[in-house]
Amino acid sequence: MGELAVQAIGFGIVTAALIAIGAMGFTLQFGLTNVLNISYGGVMTAGAFAALLAEEAHLPVAIAVLSAIAAGALLTWLLGRTLFAFYARRGAGLFEMVMVTLAVSLILQYGIDAAAREQIYRFSFPQGASLHWGWFTVTVTQLALVAVAAVVFAGIEVLLRGTRLGKALRAMADQPRLARTCGIPTGKIVNVVWLLSGALAGLAGLAYVINSLTIDASVGTEFLPLVLAAAILGRAGSTRGALLAALLLGLVTEEVSALGGAAYATVAGFGILAIVLATRPAALAGQAAAKPEITV
Amino acid sequence: MKKSIHLALTVSGVLALAACASSGSGSGSSSGPVGLVQVAAYTGDQAFEAQFADSIDFPAIYAVNKAGGILGRQVSLIQMDTKSDPADALTAMDKTLATNGNVSGILGPDSTSAATLVPLLDSKHLPMMIAAGEAAYDRSAYSYLWRDVPPDPANGEAIALWAKRQGYTRVATVFGTDAGSQGDLPGVVTGVKAVSIALVDQENLTPDQPSYRSAAQRLLAAKPQAIITESDGPTAATFFGELTQLGSIVPIIGTSGTPSTSYFTPLRGAIGNANFSKYFRAVVVGNPVANPAVPAFNAAVLAVQAKLAKPVSQWENNSFSESGYDAVIVLALAMDAAKSTDGAVYNKFIMQVTSPGAGKQVVYTYAAGMAALAAGHQIQYIGASGPILFNSFHNSFGAQAVEEFPANAPAVVVGTISQAAVQALNG
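Listed in order, the protein sequences are those of chains A and B. Heads up: the first sequence runs through residues 1 to 296, numbered per the working numbering. Heads up: the second sequence runs through residues 297 to 723, numbered per the working numbering.
With the rest of the complex left out, here is chain B (with noise of 0.2 Å):
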């Protein structure tokens, strides 16, 4: 009987201590470390995930942790797993939260969980730097979210204005059905026909088949002068592989989510280095710019480089990793400015942060925004990504680059396409 007791009462405690975990989610300690959650895949068929989440978070809490901290204390990074899938976010998401009472912000959602973890964390009052490209929050009513990187149908657009400067007059598409691939294609299309270029045809690959022959055999029907794409990594092999057997191969657009080792290394081995270096290219979102940011950025890059995909000259002035990167920063000066990880009073501080104003000091580190911070200015943080000037929505558009890849050499930029031109498309 009185193991019995016993245990009753240990299981009740046990109970009691998950339970206030639970209620405590969502608000930040404010004792320890500063935890930041990052959503990404780290397993599952997005995996591919996992590398750029590293190139963004690793530096980025480099710097800040190098600086002192937010408020003194460190940053402490807390991965969870979407696997993939937006069901298992969810999960994932409730339990993250439950077991980690130092919640105060939150890097991402991506696509592939936006739908169903913004509206969670929006009402646990986390802010969230998301990496969704979906046009849905283009204009969204959620307090808590912020976007610094375009949405997937300007960089289709800006795809298409690429395309145009270069005078194709007609163009296919192939396109991964997976979510995470579909994204840009929409715009894609929309742009296309705004510029007036031809549409030739329109490939949609099931992943990971073991041949794409006939899908590459009619695109090869159809002539185009170039082709827009984005899929996973082993699929664009395949398909461009044996595309290059059938025929002659084009120059190749891809979107920004296209570059990555996991994309190159099959792509590259499919259709060879030199075809790979000569006809690809991609528009990256971010605009390249050449301020004190950036160096400060590839120099963390660089500090944690044991911790991040080789070759680590791939992250090196990476547009998408500079704007993930940029978006930690702005979330721990916004902590700093309120002086709190609480995320119901710090958001608030993320629009105050990065919008210009008489009489702000520009600062383009961590450290110096810190440091002017703390003697009692306002700031203005520019980040590797350039200005980020959020909209009303919490939307900071800025413009694309377009990057060529010489084999073991960092991107080069070849063009950029501004956000005026993409806006101007829309009419």
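Chain A extracted, bound-state conformation (with noise of 0.2 Å):
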């Protein structure tokens, strides 16, 4: 038993990892446009998709990874920009604009899986080999995903708090009107918002499915109340939070599933949330309610 405890720590990570890369992506615009975009989870599944394109035109590994944080960042920001935002100037709520995202969602969902011919499809990237220590066993990939979530992580940080441009994006987020006041060149940071929020996503798809080795057109969809969780509990807009949060999920559906059985470990994940905002409230309702404003 306890050793099994001890090896879900390291299961937990890696789950973490796949966790908080998309976390980091959707917490980031969700901090700064105020739209809880349900439709992250079919952009995922379109950047696992480009990258199983690339994957079965015998292109090599960078390339699939290129091709799934590309479609991950142009569809996010061509939404953004267009669909998005045509809503936001007709004067759409935060919740009518929760409906949209959630239509854009099942257009995406539907549509993959239409072009996708409604098949599963097996994803054979390279696993590496399995590497052992002490209890701890992981595959080469796995290590490789946590290191991708730990330099996601790192970038963001350096990028929002040593960079001008990060500067002025926190300060958007904070303050829109005054930041819009100060002259700060909000589209440029919306554009980067956007785009960076979808190359997070389609990295967090391709992440996935890499790691449960399969895809069909609702693996996105599947993944995002897990990635959400993370989000919302971390606090919309707080990498740090979003980390923390994914780390914690990841960690607690393991050791569930380890000690008390697998069926039980989604059911404990989703449980800390309710405990959280039932707790702490704050962390959901808290940012709505201070600026309600949808900037896209």
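It is possible that part of the hints are untrue.
To be verified - Here are the simulated lysine to any residue pairs, SDA-like style, with alpha carbons at most 20 Å apart:
#1 B:K519 <-> A:G2
#2 B:K519 <-> B:G543
#3 B:K489 <-> B:R466
#4 B:K391 <-> B:L416
#5 B:K379 <-> A:D113
#6 B:K606 <-> A:A116
#7 B:K606 <-> B:N704
#8 B:K391 <-> B:T412
#9 B:K519 <-> A:L259
#10 B:K379 <-> A:A116
#11 B:K519 <-> A:H132
#12 B:K420 <-> B:L373
#13 B:K420 <-> B:N396
#14 B:K603 <-> A:A115
#15 B:K519 <-> A:F136
#16 B:K519 <-> A:A5
#17 B:K606 <-> A:A114
#18 B:K606 <-> A:E118
#19 B:K606 <-> B:V708
#20 B:K519 <-> B:V546
#21 B:K656 <-> B:H673
#22 B:K519 <-> A:G260
#23 B:K606 <-> A:A115
#24 B:K606 <-> A:D113
#25 B:K606 <-> A:Y121
#26 B:K379 <-> A:T221
#27 B:K574 <-> B:T561
#28 B:K606 <-> A:E56
#29 B:K603 <-> B:Q370
No wet-lab data here; the hints were simulated from the structure.
Take each chain as given, in its own frame, and dock them per the hints.
Below you can see the structure in the form of structure tokens.
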């Protein structure tokens, strides 16, 4: 039992890495635009399928990764600057925008499903050797996924806290009207956020299918609840919070799976979310109440 | 004012037509195509059923129509999507019956929708060939319910018998928590205990999670000699892929719900073709038989291959597809024998065209059955799945086959579990 619990820590970190990549992208965009973007799941799927196409064309692994990132970035940017901006200009509120993104999510999912002929495909990304350190077992690719999550986190932190762009982005997220008044190029900032968030969505979709080894049109929407949970648990807009929340969710789900049974793992993960929201409702409501303006 | 009256009359007319359409359902019309409704999940998380349904419907309807149809009328297929949800299935069935006045029989319901649809269809006097394996239908009081596949527990018990025959003394189970995957689990647990095999670990997996590593690790720690399993394909791929990464793979025995492209493709990718061919076996419903019905079935499959999931070889000699194909042929022959497409009339002829009897002419194809009936003979249809011997509860249990699945080749039968053996297990 003790051995299983220790092993689950390693597994939890890998699962956390998968969740964190998506959650950081989601929270970055949500923090700035205030759009609870349900279509993020569909974008994750699109990114994963872009990588699959590259893989099936026997292109190098790096090209497959770049395809996922590029597809996610481009699709999200297009959606944000055209469709979401259109509805925002027409006065859509927070709830209406959620409905718009939900509709887009369904269109993406079923569109991809039709294009993929409703099939499940195997995703034969090289897994690398299994490495054994004491009780821990992990593949080279899983280690790489953890490293990617760490690099993404570090990169966003440097961007947000060490660059003018990042400072402008944080200013916009806190006080959008004031930021505009001060001459911050809001359009450019929003473009960057849509692109960055989309790139991370594509990368998260790829990371998910690398781990699950299969891909179909619903992978992103199935993964989205965990990503959303981490983003909300970590407080919208906070990449540090998203990372910590992803770690918590990853560890709890794997520990419960190891000690209590796999069927209870997801229940435990969302149980934590429910408890946190019940005891600290500001994690969800605070952001929206203080800053209801949509910035797209 | 004139415009308003016109509109009111139009609306009244439409409502009246709709009412007529509703009231006309359930008995089958006397002209035009004979409608058979396939109840299956064409969308949603059980959508893998669709390709199974296609592998049954298209060959069977092709065979019937090629022989001249039922009572001179062609058969039309009406695909009803349950959307993998029992409530959606009920709404969809209401709509299907309201908008199709020619429905004469039902292919299904499936496990997901049986609880909601069977009472409705029975009340409408629509004979149904159910594909639901639930034990609840072993001794059903529904007059219009028929089943020519073994119930789920029987499949689970056959798996346990196969495991015993292989000499395993320690096995583990890995099942998805979705309703479609859970059906065989009770039979497996009962059967494993009955043959004195230790069940060392039970893993129930919530489908479509990013990882099952902890569950895989716990299973490895229990050191099973074989794993008995059913889940959706992606879940199986993730679990067994991680199991392979963590340790060594052991023989896997799948239920009758596992053999399909949507299960095999991801699993082959996850554990590798060589491992899959070496370690994976499935115990499937239907007894592999050699009779003239089998080549007729395979010929029908090839004739409609453009409509079936690729590779088409997976459907040739496929025991599950053969059972479903036989079910369609039986319905059609019963209508011919009754000289009616009205379910209330032809329902009792289902038993008549399948049961043996002195002086009955044995037929193996729809064309032969139709010709024999036209010549005034009584018939016993023996299908591609073998004799169909319905008991008083309209259940026909046959033997079950153990199959292995070489890459790019049809399934190979490596053993059979007789119905007698399964019944003996139940005492």
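Given the hint that K379 (chain B) pairs with D113 (chain A), does the C-alpha gap stay at or below 20 Å?
holds, 15 Å
Next pair to validate is K606 (chain B) with E56 (chain A); report whether the Cα-Cα distance is within 20 Å.
holds, 18 Å
Taking only the CA atoms, is the gap from K606 (chain B) to E118 (chain A) under or equal to 20 Å?
holds, 13 Å
Holds or violated: K391 (chain B) to T412 (chain B), with C-alpha atoms at most 20 Å apart
holds, 14 Å
Between K606 (chain B) and D113 (chain A), is the straight-line Cα distance small enough, at 20 Å or below?
holds, 17 Å
Verify the proposed pairing of K420 (chain B) with L373 (chain B), using a straight-line Cα cut of 20 Å.
holds, 19 Å
Run the distance test for K519 (chain B) versus F136 (chain A): straight-line Cα separation, threshold 20 Å.
Satisfied, since the Cα-Cα distance of roughly 18 Å is no more than 20 Å.
Distance restraint between K519 (chain B) and G543 (chain B), which requires alpha-carbon spacing of 20 Å or less
holds, 11 Å
CA of K606 (chain B) to CA of A114 (chain A), is that 20 Å or under?
holds, 16 Å
Starting from K519 (chain B), check that the Cα of L259 (chain A) is at most 20 Å away, please.
holds, 17 Å
Measure nothing beyond the straight line between the CA atoms of K656 (chain B) and H673 (chain B); if it is 20 Å or shorter, mark the hint as holding.
With a Cα-Cα distance of about 7 Å, the restraint between K656 (chain B) and H673 (chain B) holds, given a limit of 20 Å.
Given the hinted pair K519 (chain B) and H132 (chain A), is their Cα-Cα distance within 20 Å?
Status holds; Cα separation ~19 Å.
In terms of the numbered hints stated before, the structure departs from none.
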